[in-house]
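A.B. asks: Take these sequences, add in the hints, and give me the full structure.
Here is how the chains run, residue by residue.
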Amino acid sequence: MIWQQLQSLAGSYPLALRGLGMTVMLSLISLVLGTLIGFGLGILRTGGNRLISGLIGAWVDLIRGTPFLVQIFLIFFILPELGIELDAFTAGIIALTNLAACFICEIVVAGIRSVPTGQVEAALASGLSRWHRMRQVVLPQAMRIVLPPLVGQYVLLIKDSSVVSAIGLTDLTRVGWLVVQRVPNGLLVFFLVGLGYFIVCYPLIMLARRLEQRMGAAHGEVQL
Amino acid sequence: GTLDEITKRGELRVAVQTQGPPFSLVGAAGERTGSSVELAELMAKEMGVKITFLDFDWDGLIPALLSGKADLLVADMTPTLARAMKVAFTKPYMYTGSTVFTKADSKFKSTEDCKAKGTKIAVLLGATGEKEAKTAFPDADIKSYKGGGPLLLDAVNNGQADCGVNDVSAVKGQSTAYPAGSFTIMPDMLSKEPLAFATRYDEQDLLTWMNLFLDQVSLDGRLQKNLDYWVNSDDWKKDH
Amino acid sequence: MLENFSFRTIVEYLPLFGQGLVTTVWLSLLSFAGALAVGIVLSAMNLQRGWLFRVPAKAYIDAVRATPLLAQLYFLYFGLPRLGIILPELVVGILALSLNSGAYVAEIIRAGILSIPRGQVEAGVASGMTYVQRMRLVILPQAFKVTIPPLLGQAIVLVKDSALLSLIAVAELTRAGQLLASDRFMPAEGFVTIAAFYLLLYYGLKGLAALSGRWLGLQPARSSI
Amino acid sequence: MTNPSKGRTGMIEFRGVNKWFGALNVLKDITLSVEPREVVVVCGPSGSGKSTLIRCINGLETIRDGDLVVDGQRLGDPATNMTRLRTEIGFVFQSFNLYPHKTALENVTLAPIHVRKIPRAEAEKAGRELLAKVGLADKVNAYPAQLSGGQQQRVAIARCLGMRPKIMLFDEPTSALDPEMISEVLDVMVAVAEEGMTMMVVTHEMGFARKVAQRVVFMDAGAIVESGTPDEFFSHPKTDRSRAFLSKILRH
Amino acid sequence: MTNPSKGRTGMIEFRGVNKWFGALNVLKDITLSVEPREVVVVCGPSGSGKSTLIRCINGLETIRDGDLVVDGQRLGDPATNMTRLRTEIGFVFQSFNLYPHKTALENVTLAPIHVRKIPRAEAEKAGRELLAKVGLADKVNAYPAQLSGGQQQRVAIARCLGMRPKIMLFDEPTSALDPEMISEVLDVMVAVAEEGMTMMVVTHEMGFARKVAQRVVFMDAGAIVESGTPDEFFSHPKTDRSRAFLSKILRH
Ligand SMILES: Nc1ncnc2c1ncn2[C@@H]1O[C@H](COP(=O)(O)OP(=O)(O)OP(=O)(O)O)[C@@H](O)[C@H]1O
Ligand SMILES: Nc1ncnc2c1ncn2[C@@H]1O[C@H](COP(=O)(O)OP(=O)(O)OP(=O)(O)O)[C@@H](O)[C@H]1O
Ligand SMILES: [Mg+2]
Ligand SMILES: [Mg+2]
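Residue numbers (the working numbering), protein chains in the order written: chain G, 1 to 224; chain B, 1 to 240; chain E, 1 to 225; chain H, 1 to 252; chain P, 1 to 252.
Everything labelled a hint here was simulated from the structure, so no lab data went into it.
Glycine residues also receive a C-beta, built at the ideal position from the N, C-alpha and C atoms.
Here are a few chain H residues that face chain G, going by a calculated C-beta distance under 8 Å:
#1 60
#2 83
#3 86
#4 97
#5 101
#6 110
#7 115
#8 159
Distance condition first, Cα-Cα at most 25 Å in a straight line; then the derived PhoX-like pairs of lysine-lysine:
#9 248(H) <-> 139(P)
#10 248(H) <-> 211(P)
#11 50(B) <-> 225(B)
#12 172(B) <-> 238(B)
#13 145(E) <-> 139(P)
#14 248(H) <-> 248(P)
#15 133(H) <-> 248(P)
#16 145(E) <-> 102(P)
#17 133(H) <-> 166(H)
#18 192(B) <-> 146(B)
#19 86(B) <-> 146(B)
#20 248(P) <-> 211(H)
#21 166(H) <-> 125(H)
#22 166(P) <-> 117(P)
#23 139(H) <-> 248(P)
#24 248(H) <-> 133(P)
C.D. replies: Take a look at the structure:
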């Protein structure tokens with residue numbers, strides 16, 4: 001029985017590869033876009049303009065506070081009623097990018113706030129403009145704090161990308177659901193799906209850990 | 001009307017749910033097929049347009065139709081009166097019903113046995129079987145699963161549930177993935193249910209056309225051939 | 001779907017949403033308590049010098065972080081029965097959430113402990129405290145403060161993740177919305193209501209984080225630079 | 001409308017300046033004029049408002065009332081371009097605040113290149129000369145973490161000088177340093193003072209005050225309590241408060 | 001086997017102690033004996049190994065070779081219970097290291113209660129007396145964040161005294177303080193010394209050294225270069241290195 005199931009599974013490997021490809025594709029595009037937008041939002045959020053900062057804060061809260069499934073539904077099914085028609089892939093990218101941007105915004109804000117006040121004051125005192133203060137002084141130092149959780153966040157977002165199957169994209173998780181129709185062994189099928197994610201995510205987790213250690217090395221390993 | 005649009009577009013957009021054999025499944029090579037799927041393909045052929053399947057899970061099916069992403073919805077869906085408040089159903093193209101199944105060596109031998117207090121009964125989330133199980137087994141412990149009929153069989157097979165309730169054709173079709181005789185399917189039905197396709201009320205022309213289509217294919221026997229191949233026998237297993 | 005948006009139907013389903021909300025809340029509470037327990041044990045293992053405890057803890061944490069909760073859920077739900085362990089859905093659900101969130105909590109606690117300045121540890125050493133005394137009297141009380149905000153962040157994630165339990169037949173908040181969507185074919189009503197309830201929980205937790213921060217005398221963040 | 005910023009004024013002019021932090025009146029009715037090329041030392045107990053006083057001058061703190069005119073421009077005036085004005089004012093922090101991710105030379109050239117728009121090659125040449133002047137010709141490519149405290153503070157001074165400011169402000173520039181390094185930094189500060197820079201220095205280094213300051217200002221609880229030449233102040237303090245303060249810092 | 005830890009030895013005995021950080025020989029062949037009730041001041045340039053020297057005494061650093069005998073017990077000897085020994089040694093850090101989540105009194109009583117197992121009521125009574133002794137009777141319930149640097153360091157000293165140690169070690173206890181607060185802390189240290197405590201103090205406060213130290217030890221590059229009475233050392237330094245060092249720290 002298990003042998004037969006395995007054979008049947010082996011036959012589905014092109015489908016699995018397509019799903020994995022879709023997962024990687026979706027994640028990659030939306031992580032790159034989300035990182036760019038997230039940094040922008042983070043910088044604006046820490047900026048002096050209270051209105052903009054407040055609006056970004058509210059938006060980030062809204063996105064963090066509601067299920068991603070609902071967000072993706074609104075974008076794909078409700079936006080058309082407002083005249084914005086998107087195909088599933090674009091809608092998925094937009095929803096994931098937005099999600100990534102909001103989470104990354106929070107990380108960037110924490111990083112920027114971790115830069116000692118003295119650094120900003122030194123830059124102010126030498127007459128650097130806001131842009132140069134950010135670009136030359138604050139961001140390079142904030143990156144130390146930002147990088148490890150940023151990479152960690154990537155892993156979470158790759159896993160969240162599975163929700164896009166709700167609007168008809170065949171990603172890795174969806175392939176699991178399809179295959180389980182013919183090979184009704186949830187344990188086996190989802191073990192393989194988990195393995196697929198593991199292959200994509202584990203290197204990122206190692207990278208995050210490496211970065212964390214490099215950053216932490218400066219502080220010296222604490223002996224408790 | 002919608003038909004004009006479809007003709008102009010040259011494409012019929014059909015939302016399906018891949019809930020498993022025999023109605024809608026993805027074959028070993030990744031091809032989409034099944035009884036409902038073939039009927040939809042037949043529709044597109046009669047219209048003279050190509051067909052595009054939009055594959056959603058249960059949560060996405062209705063929004064897809066209501067938001068106009070799909071022209072019609074092809075799934076083994078029961079046209080309840082509550083649902084018909086929102087979407088327009090065609091006339092039924094076949095009748096089926098929910099039935100109870102158990103593992104072959106189970107101590108639950110009949111539908112009557114399952115009425116015992118605390119019996120764990122697996123049903124599909126949102127399917128009519130869920131409702132019927134609640135009425136038929138008021139004392140039982142009803143568990144709703146998501147993700148398609150095969151998982152009900154898996155749950156019963158693994159002992160997470162004592163019995164399952166689902167559409168009889170689905171149970172028959174899906175149990176073929178297991179060695180013959182793994183499950184006992186009770187002969188008595190909990191209900192008799194029609195199956196129908198759905199479209200929107202603002203697509204009256206399409207609805208009329210689909211009803212006519214169903215009349216035609218049942219008159220010329222193509223419907224019966226489809227059902228005999230997919231639902232009333234295991235013939236499809238040879239090809240898919 | 002918007003023009004026919006029916007508040008009446010939502011009101012009709014409110015009792016169901018209420019039940020779902022209650023389930024989600026106590027389910028999340030139990031799971032979070034479990035996650036804390038798992039996290040504390042894992043982080044204690046992870047902070048040991050010897051590899052015997054550290055390596056398995058690290059492996060577990062990485063494996064959990066690198067795979068989706070869905071796969072873990074199936075692993076438990078369909079895997080345990082093969083070992084002859086049949087547990088009720090709720091127990092499996094809470095177990096899965098606890099084991100999953102526990103890995104993240106472990107990382108949070110570890111970071112909190114490592115953030116305590118070296119001088120604090122040395123002060124404890126210099127006054128002749130044992131390892132356990134230093135942990136209990138000096139390090140953990142201070143680490144607790146730093147970990148509160150990220151822990152509440154993880155709690156928010158956990159509350160949302162608990163929606164996945166509807167997959168294994170647990171009737172929580174998301175389920176209520178799905179029922180509305182499938183019985184009445186009113187997906188917009190169903191999902192918007194779910195979102196509203198989760199948002200409510202989110203702001204509740206956020207308020208709790210802010211409050212606990214104030215109780216513990218954490219510095220409010222600088223608002224602009 | 002008469003322009004209050006023109007006419008015979010000092011390089012730095014406080015006229016009845018008040019500042020509050022919440023309910024705390026940190027600067028009380030400060031009136032003080034610093035002439036071009038003058039060196040003023042500010043001292044006083046902790047929390048008396050010394051840092052706040054000099055931080056107001058380059059706008060790191062804003063004042064509530066009174067006038068503060070720096071180099072002929074009134075602070076808080078919408079016509080005053082603060083970013084511009086700050087390039088005329090060098091500020092040396094107690095904790096150096098070097099950019100940890102930049103080398104000594106990059107610390108010195110960052111503002112000239114991006115603010116003054118001086119070509120990189122030229123800025124680097126000037127930067128090297130400045131670092132040589134503060135005795136760090138061999139540390140041009142070192143990162144702050146590789147420098148001792150005294151060396152870091154000298155880089156910080158060079159960084160300010162690189163902007164060719166008209167005014168230099170120092171906030172306890174030697175108090176974070178090891179005893180042996182203090183003199184390195186004081187030597188550089190003396191050299192800068194002797195070249196005729198306008199300087200305000202918060203410090204308790206009497207040797208420095210005696211050597212180069214024209215005036216010592218003693219603050220307590222937000223107000224200027226006493227002001228005079230270093231000799232007058234250290235030898236014959238006029239108020240009880242300053243006597244008590246001096247007795248403590250001079251005793252050990 | 002003869003027990004090297006018995007016989008006529010000082011309270012603290014370094015015998016040919018060497019320590020490395022990686023390739024860096026931070027302590028070079030240190031031999032030094034501190035008698036009971038003796039007060040020794042350690043000075044020297046930054047990085048010379050002063051902190052490392054006194055941190056070895058209570059085992060915050062471990063040594064590679066040589067013997068270090070404290071209160072008759074040899075460090076590194078398996079028979080020596082370090083946790084026990086540490087209760088006999090008070091250590092005052094440059095940066096205070098008070099527990100921020102405990103009040104002044106709790107800081108003082110924490111170790112007596114949990115390490116010495118003294119009943120809470122008794123420990124609190126003793127703690128209050130100690131805080132009164134360092135002039136902080138009114139700050140018993142204040143948290144460290146509510147205290148000035150000088151007050152924090154006095155709490156830290158009281159915290160050590162609360163364990164009734166035989167030895168007190170101080171690592172630059174005043175160098176993180178404002179000038180005005182230094183004397184508060186030095187006064188307390190003088191009082192402790194005069195009660196007959198064995199003390200090793202890393203400091204550059206010559207006033208303190210002159211007043212209470214029996215000996216000044218000058219370190220450079222990990223070795224003890226010179227050692228003598230304060231008068232000898234400050235007035236007639238014997239080596240070039242100590243002369244150069246003194247000229248820098250005395251000049252300003
Ligand atoms: N950002 C701030 N918010 C509230 N109060 C402040 C702030 N900055 C300074 N203060 C308070 O203003 C007063 C004056 O501070 P300031 O730093 O100017 O004193 P100082 O004379 O420089 O002291 P020190 O010698 O310790 O540096 C102090 O009581 C301080 O607590
Ligand atoms: N944990 C460590 N790892 C590597 N090197 C260290 C470590 N701690 C100290 N050092 C090095 O050992 C040498 C002596 O350091 P130590 O702190 O004892 O000097 P010090 O005399 O106390 O100096 P300071 O006056 O700056 O406190 C220095 O060169 C220092 O860089
Ligand atoms: Mg100050
Ligand atoms: Mg030291």
